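Q: Sequences and hints are given; from them, build the entire structure.
Taken in sequence, the protein lines are chains A and B.
Quick note on UniProt numbering: the first sequence kicks off at 1 and runs consecutively.
Quick note on UniProt numbering: the second sequence kicks off at 1 and runs consecutively.
Wrong hints could be hidden among the right ones.
[Stated by the list, open to error] When the alpha-carbon atoms are kept at most 25 angstroms apart in a straight line, the in silico SDA-like pairs for lysine to any residue are as follows:
hint, chain 1, residue 1, chain 2, residue 2
1, B, 282, A, 50
2, B, 272, B, 241
3, A, 283, B, 79
4, A, 266, B, 37
5, A, 272, B, 40
[Said to hold, decoys possible] Cβ pair distances, simulated, as ranges:
hint, chain 1, residue 1, chain 2, residue 2, range
6, A, 266, B, 167, 50 to 56 angstroms
7, A, 315, B, 217, 51 to 57 angstroms
8, A, 30, B, 257, 47 to 53 angstroms
9, B, 117, A, 176, 41 to 47 angstroms
10, A, 243, B, 58, 25 to 31 angstroms
11, B, 96, A, 264, 31 to 37 angstroms
12, A, 275, B, 217, 39 to 45 angstroms
13, B, 217, A, 271, 44 to 50 angstroms
14, A, 271, B, 315, 48 to 54 angstroms
15, A, 263, B, 315, 40 to 46 angstroms
No wet-lab data here; the hints were simulated from the structure.
Here the structure is a predicted model, which is why all the values come from computation and not from measurement.
No residue lacks a Cβ here, since even glycine has one placed at the ideal position from N, Cα and C.
2 protein chains.
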Amino acid sequence: MAHIYVYSPSGAVRDRAAFRRGIQRLQAMGHEVEVDPDALATFERFAGDDATRLAAIGRAAASGADVALTTRGGYGITRLLPDLPYKALARAVGKGTRLVGFSDFTALQLALLAKTGAPTWAGPSLCEGFGAADASDAADDHGGKATSGPDEIMLACFDDMASGVGEGTGWRLPKADRELLKARRDGHLAHDATLWGGNLAMVMSMLGTPWWPEVEGGVLFLEDVGEHPYRVERMLLQLLQAGVLARQKAIVLGQFTEYRLGPQDKGFNLTKVVDGLRARLKKVPVLTGLPFGHVPTKVLLPVGRPVDLLVEEGDAMLLWGHMH
Amino acid sequence: MAHIYVYSPSGAVRDRAAFRRGIQRLQAMGHEVEVDPDALATFERFAGDDATRLAAIGRAAASGADVALTTRGGYGITRLLPDLPYKALARAVGKGTRLVGFSDFTALQLALLAKTGAPTWAGPSLCEGFGAADASDAADDHGGKATSGPDEIMLACFDDMASGVGEGTGWRLPKADRELLKARRDGHLAHDATLWGGNLAMVMSMLGTPWWPEVEGGVLFLEDVGEHPYRVERMLLQLLQAGVLARQKAIVLGQFTEYRLGPQDKGFNLTKVVDGLRARLKKVPVLTGLPFGHVPTKVLLPVGRPVDLLVEEGDAMLLWGHMH
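A: Following this line, the structure appears as structure tokens:
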């Protein structure tokens, strides 16, 4: 199967049990796992100081692995933006190394896209994606949080990515989206459009910097965790007001989770945010329900690759690879 | 004394007792208080829908008052940015109306500065600034949160602003700042430099939009509430990476409050963030300790006005008005 290089570009790994389980799962799936020497380094809240994490990213680029997988997100990559080994990363991608991660990793993905055009993959990280405990782990751990283990859909998408056979992904649109899209006779929302995006807060943190990818006519996907709808709206409005959204073929919203509405909200919620965005954006379709975000069921998405976006009988399909 | 127009451009007023106390305090100070008809309007989490709040801002601009004071912050002004009555607001400022507020109000202040150059005041809002309960209020309220009432320093600064006699403000620098600044023989850090800034998250929410004020050689002041140091750092890094910080004469940090460090932080804190910023920024001094933010002791600061920034024997002084 695949040679997978595991490294830590962002936050320190605190859940070592999840780390070990993740490696064992990848091995049990038949993959060869190589662990970066500083994968478990710690410095303050980071997986080693800035120089340590930069070196780890350099080793991941030089690994010759099929997949370079982050252990986790957190915070730390924006500190490294001026010094990332962009050329080495782009060369690695050119030679077939797939860089996979999400959350904080969005910053590296967008900066690499801006500087080199090299595509990467938005997908799971080792600990949260492959290290999720199942019932037998919990019994062993005496107190580990019992979940049902890694998500089956994520695993299937990861295998498709790792073996290079994936050619797209699809999801059932929520009812409100289906109603809206009925009015569009042509279900082909985007053709050969650059797919980009990731974590909304991280996307925002690149705006105005030299690492912002100026994507025109793209498909922008966004997700976030722990951000109240008013903050999600504020971020989306900024993207709108900066002219970014109107220049895209479509906006695709993934999962927005782990926020809490308060008594002050009085009916203001994420649905209102999406409705408001649609009212302001008008010409650019906003789809929701993409299975991507800080949730177990995550598809893998090729950031920086041309995609087609189709809507057919209430299903959305993002297609890449050899299909168009 | 002053004619004060009270209006609600952002979040709905929920604490009506604080609202009433604030008005009574201003009246007791001798001011004439005019309350906007929609000051207590509510729509979802907002003080009325967007059209209602826009109309209130228009009435504040047309009021002819000496001071137009917001009832509170919250969230809502970024929604209005494309439609704010910029010319009417600038005309009102030209005729002597001082627009005062903070937090969400930062968005209006920076947009007005960008579009018209008109100065405004960063300062208290009615409810949190003047509505703070004291011991006698709590006794009356049977359960109201007893504090010591409005802050004396804020009240003195507000009176200076309202009567137009204020010419500057000063504060004792923290020890670390004093050590750093010893190396600078010349304590005159900025001369005739535009003072700008406010709430850090709101400043960030303007970046890349048509309402971003392109201030060169200014003094940028920043505060925030409820933002973890890693998020404060991420925002400061973005301003640095966007080239904004290096173009200023000085950065002045106010109060950063109501965040909670977690077990994952392991020594990463706000001091580390400030140290890291200083190490990266090098040529531009970063002062801390400005008495401004989501705290009772707040000075009033003229956003968009030229200021001098001086450091003398461990004190910092921001001077405006007729003194230079």
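Q: All hints, please: hold or fail.
A: Cross-check of the supplied hints:
A C-alpha spacing of about 18 angstroms is found between residue 282 (chain B) and residue 50 (chain A), which places the hinted pair at or below 25 angstroms, so the restraint holds. Between residue 272 (chain B) and residue 241 (chain B), the direct Cα distance comes to roughly 18 angstroms. Compliance with the 25 angstroms bound is thereby established for this hinted pair. The straight-line distance between the Cα atoms of residue 283 (chain A) and residue 79 (chain B) is roughly 19 angstroms, inside the 25 angstroms bound, and the hint therefore holds. A distance of roughly 21 angstroms separates the Cα atoms of residue 266 (chain A) and residue 37 (chain B); the hinted pair therefore holds under the 25 angstroms criterion.
About 22 angstroms separates the Cα atoms of residue 272 (chain A) and residue 40 (chain B), which keeps this hinted pair within 25 angstroms; it holds. Checked against the hint of 50 to 56 angstroms, the C-beta distance between residue 266 (chain A) and residue 167 (chain B) comes to roughly 44 angstroms, which is inconsistent with it. The given range of 51 to 57 angstroms is respected by residue 315 (chain A) and residue 217 (chain B), whose C-beta atoms sit roughly 55 angstroms from each other. With their beta carbons about 52 angstroms apart, residue 30 (chain A) and residue 257 (chain B) fall inside the hinted range of 47 to 53 angstroms.
Between residue 117 (chain B) and residue 176 (chain A) the Cβ separation comes to about 44 angstroms, which falls inside the hinted range of 41 to 47 angstroms. Between residue 243 (chain A) and residue 58 (chain B), the C-beta spacing of about 27 angstroms keeps the proposed range 25 to 31 angstroms intact. For the pair residue 96 (chain B) and residue 264 (chain A), the supplied restraint of 31 to 37 angstroms holds, since their beta-carbon distance comes to about 35 angstroms. As the Cβ distance of residue 275 (chain A) to residue 217 (chain B) is approximately 43 angstroms, the hint placing it in 39 to 45 angstroms holds.
Distance hint for residue 217 (chain B) and residue 271 (chain A): a CB-CB separation of about 45 angstroms, consistent with the stated range 44 to 50 angstroms. Taking 48 to 54 angstroms as the suggested C-beta distance range, the pair residue 271 (chain A) and residue 315 (chain B) conforms, at roughly 52 angstroms. Our hint of 40 to 46 angstroms for residue 263 (chain A) and residue 315 (chain B) holds, since their Cβ atoms are close to 43 angstroms apart.
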